[in-house]
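Asker: As a plain string of letters, each chain reads:
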Amino acid sequence: MAVVFKKTSMLTDVPFHYCPGCGHGIAHRLVAECLEELNLQGKVVGIAPVGCAVFAYNYFNCDVQEAAHGRAPAVATGVKRCNPDKVVFAYQGDGDLASIGTAEIIHAAARGENITVIFINNAIYGMTGGQMAPTTLLGQKATTCQLGRNVALNGNPIRVSEMLATLDGPSYIARVALTDPANVTKAKRAIKKAFENQVAGKGFSMVEVLSPCPTNWGVSPIDAVKYVKEEMTKQFPLGVYKDC
Amino acid sequence: MKKLMKGNEAIAEAAVRGGCRAFFGYPITPQNEIPEYLSKRLPEVGGCFIQAESEVSAINMVYGAAGSGARAMTSSSSPGISLKQEGISYICGAELPCVIVNMVRGGPGLGGIQPAQSDYFQTVKGGGHGDYHMLVYGPGSVQEALDIMYDAFDKADEYRMPVMILGDGMIGQIMEAVELPEMKDPATFPKKEWATDGTGIGANRRIVNSLYIEPDVLEAVNHRLFDRYATLAEKETRYEAYKVEDAEIVIVAYGTVARICKSAINMLREKGYKVGMIRPITLFPFPTKAIEAVASQECVKEFISVELSMGQMIEDVKLAVNGKKTVSFYGRTGGNVMSPEDVAEFIIAKENK
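Keeping their order, the protein sequence lines are chains A and B.
Mapping of the first sequence onto this note's numbering: position 89 corresponds to residue 89, and the numbering continues sequentially without gaps.
Mapping of the second sequence onto this note's numbering: position 108 corresponds to residue 1108, and the numbering continues sequentially without gaps.
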């Protein structure tokens, strides 16, 4: 019988621990498929974050380093500078990348480190149980802003892609969303380009992936996807912010 | 042929000759000559130098580089070392070999920029979170600092743990005539099968990690680390005994202070005071057995811990002496350094009380 679909070899057979309706599983698969399609088996080091994807080292079929919270771009820098012929990627969430790790991501981008960063933005701290993230939308409820995020009390959400696109270092910055097949296909195209850039030595690439978190948003998976599409994309417009 | 070199530069050159090919750091006085020297020197040998955005990033770059198999190091001074503690804890948890140099300055807080030994507790007792230690050296001269640095990566690789060289502003800043060793050949360094060099896939993929979510697994990791520290105590403890055979008073001092004390001992001996010294060269493992043995000598009446702090190492001296003899303290802080005369006067006054 002809095989029409099989799981990418760049994922292990360990079942994901992610909640139903979470975007991490899709994002992992897209990353792994891109690595396989670029024939990078045995040439990759992944950097796992702290947060829901902390166990990413169980899933990607490559060498992986687990970084401290927010430090993945610094760890990736150390790996890449000492192994310039290998492909190095950091996989981070919004608390990790846009809050505790702002210095690391900005300076890795500013240096133009030849790494690929996958930034999962689900506007919430998932692993710790639904606290406000730097990307939580105004009015969005979280366990540490239970009446909804309020500018006076909690400040404004951060748009990381736009911010990093002002720097001279990055070669590619794009924001995509895991909402429907068309957008997932676009997301994959962006992730692939971010890896192709690294192979070509073009420097820092980051793909921000808007992703649903039904568990911590307290909604169904279907409503979570709707929230990404209708609310998150207003604050975080999709598109390519830098490409050179 | 001997060469006149500043402490920090001698350490930097010894690092390169000892195989260091990656340095990540952030400026802070009084250790800036180390990154400055290496920013020029490492590219000459195909190595990598990055001035990081912070000490936090620098130590995490070391984590990444060391975890992928490189001989990587960082250097800093007290406030910067405080910032590195998170990364040091992770490096110890992930069992990564690297070298960290701390040219200690006075504290707490911003403190000052003059020599101090007030980071002793932070260095030998932990500093970051969790149960861990590092192999810690307290060199007493520029030549000794250089020799320790030269072999530090071998020790780090052998025990898969960070080596910290605890200097002070004086060791970093003084110039002395030194003998530089030959460049080590990286081809002779041991293979690191555990390192994430990117070639791993399937059954042979490598994970660098300090997360052990199962209590039994984490407990086993902690025991493994502490078994290693027991081996260190057995094999790597280093100290110098100076005129202790007939000593009635035994000074315990390390680093710059030990040199000052040596001069004081010679002055006191001329005046008829029988003074000797134990100089720990490794601060972890601490030369507990050596001090214990000296404490058992009948001629020994008392110990004096002499430090550039309010008294930190004295706790380990007391544990080693274990009540056999009295242990007292003499120290200066704030970046002030005692003279040999100060130490001699302290002892004379004490003896004639």
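By construction, these hints were calculated from the structure, which means they are not laboratory data.
Using N, Cα and C, we set each Cβ at its ideal position, and we do this for glycine too.
One or more hints might be untrue.
[As the list claims (entries may be wrong)] Here are the simulated distance ranges between beta carbons:
(1) Leu1211(B) <-> Val4(A): 46 to 56 Å
(2) Leu1211(B) <-> Arg189(A): 26 to 36 Å
(3) Pro1027(B) <-> Val219(A): 44 to 54 Å
(4) Val4(A) <-> Asp1131(B): 47 to 57 Å
(5) Lys1191(B) <-> Thr143(A): 40 to 50 Å
(6) Gly218(A) <-> Leu1211(B): 21 to 31 Å
[What the hints assert, rightly or not] Think about it this way: if two alpha-carbon atoms lie no more than 30 Å apart in a straight line, the pair counts; the simulated DSSO-like pairs of lysine-lysine are:
(7) Lys43(A) <-> Lys1125(B)
(8) Lys1318(B) <-> Lys43(A)
(9) Lys1040(B) <-> Lys202(A)
(10) Lys1318(B) <-> Lys1353(B)
(11) Lys1353(B) <-> Lys43(A)
Asker: Of the hints given before, which are not true for this structure?
Answerer: The structure breaks hints 1, 7, 8 and 11; every other hint is satisfied.
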